[in-house]
Amino acid sequence: DQQVKQNSPSLSVQEGRISILNCDYTNSMFDYFLWYKKYPAEGPTFLISISSIKDKNEDGRFTVFLNKSAKHLSLHIVPSQPGDSAVYFCAASGDTGGFKTIFGAGTRLFVKA
Amino acid sequence: DTAVSQTPKYLVTQMGNDKSIKCEQNLGHDTMYWYKQDSKKFLKIMFSYNNKELIINETVPNRFSPKSPDKAHLNLHINSLELGDSAVYFCASSQDGGRGLAEAFFGQGTRLTVV
Numbered sequence: 001d002q003q004v005k006q007n008s009p010s011l012s013v014q015e016g017r018i019s020i021l022n023c024d025y026t027n028s029m030f031d032y033f034l035w036y037k038k039y040p041a042e043g044p045t046f047l048i049s050i051s052s053i054k055d056k057n058e059d060g061r062f063t064v065f066l067n068k069s070a071k072h073l074s075l076h077i078v079p080s081q082p083g084d085s086a087v088y089f090c091a092a093s094g095d096t097g098g099f100k101t102i103f104g105a106g107t108r109l110f111v112k113a
Numbered sequence: 001d002t003a004v005s006q007t008p009k010y011l012v013t014q015m016g017n018d019k020s021i022k023c024e025q026n027l028g029h030d031t032m033y034w035y036k037q038d039s040k041k042f043l044k045i046m047f048s049y050n051n052k053e054l055i056i057n058e059t060v061p062n063r064f065s066p067k068s069p070d071k072a073h074l075n076l077h078i079n080s081l082e083l084g085d086s087a088v089y090f091c092a093s094s095q096d097g098g099r100g101l102a103e104a105f106f107g108q109g110t111r112l113t114v115v
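Going down the list, the protein sequences come from chains V and Y.
If you're matching positions, the first sequence starts at 1 in this note's numbering and goes up one per residue.
If you're matching positions, the second sequence starts at 1 in this note's numbering and goes up one per residue.
Treat each hint with caution, since some may be false.
Every beta carbon over 12 Å from chain Y, so not counted as near; a handful from chain V, in silico [stated by the list, open to error]:
hint, residue
1, Glu15
2, Asn22
3, Ala41
4, Ile48
5, Asp55
6, Lys68
7, Lys71
8, Val78
9, Gln81
10, Pro82
11, Lys100
Output of the computed footprint for chain V on chain Y, the stretches with three or more beta carbons under 8 Å from beta carbons of chain V [said to hold, decoys possible]:
hint, segment
12, 36-47
13, 105-112
No wet-lab data here; the hints were simulated from the structure.
These figures come from a predicted structure and were not determined experimentally.
We treat Cβ as the ideally placed atom computed from N, Cα and C, and that holds for glycine.
Could you put the whole structure together from the sequences, leaning on the hints where they help?
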């Protein structure tokens with residue numbers, strides 16, 4: 001039972017354009033959401049997060065939007081750069097019968113120069 | 001100066017063997033985790049420790065036993081290794097009382113191959 005879903009396994013974007021990575025969740029008890037980036041042979045690194053009391057959080061080129069009614073969040077990268085090519089994991093946490101962070105399967109982003 | 005370091009990076013071993021993966025964090029965090037990334041690339045939590053106390057123990061075979069000698073270390077011991085244990089194992093730490101409300105810092109991963 002996947003509580004956090006990233007339905008696009010991959011996404012290809014031209015350099016300079018916007019990358020939009022999507023994430024859906026099923027458990028309404030999640031109240032904190034995070035995005036991680038992962039390069040090959042490395043561990044995931046934290047990118048940006050958002051609390052359920054907000055609907056938007058911005059950090060430089062990265063913006064996360066949260067739509068609680070739709071149980072959907074998205075990560076926007078503008079402008080996309082070749083160095084952004086990586087796997088992006090969406091994660092959610094909250095009191096779901098024990099506090100734990102649930103990760104999605106990841107979306108591989110390719111930014112073409 | 002590596003924040004979360006785990007050793008070894010690669011581990012190839014035969015079925016039935018017992019092996020350990022070590023993890024250390026120098027961030028002063030209060031919570032440490034073990035995650036497993038399987039062949040489908042899902043990152044699934046296995047265990048978490050808050051101040052040396054086990055707080056999350058997912059449905060993991062009891063052949064897997066975490067050990068936290070102190071707040072900065074969380075080792076993973078695996079008995080009687082099976083082919084299905086082959087995966088990448090990530091250690092992580094965070095400063096959030098184990099509530100998952102802060103970003104986690106991950107180690108580089110240990111690729112375990114059971115032959």
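Do the hints match the structure? See the list:
1. Glu15: holds, 25 Å
2. Asn22: holds, 17 Å
3. Ala41: Non-interface label fails for alanine 41(V): nearest chain Y Cβ at 7 Å, not farther than 12 Å.
4. Ile48: Violated, because the least Cβ-Cβ distance between isoleucine 48(V) and chain Y comes to about 9 Å, which does not exceed 12 Å.
5. Asp55: holds, 18 Å
6. Lys68: Holds, because the least Cβ-Cβ distance between lysine 68(V) and chain Y comes to about 17 Å, which exceeds 12 Å.
7. Lys71: Correct as stated: the minimum Cβ-Cβ distance to chain Y is 17 Å, above 12 Å.
8. Val78: Non-interface label stands for valine 78(V): nearest chain Y Cβ at 22 Å, farther than 12 Å.
9. Gln81: holds, 22 Å
10. Pro82: holds, 22 Å
11. Lys100: violated, 5 Å
12. 36-47: With 6 residues close enough to chain V, the hint holds.
13. 105-112: holds (count 5)
In terms of the numbered hints stated before, the structure departs from hints 3, 4 and 11, listed from lowest to highest.
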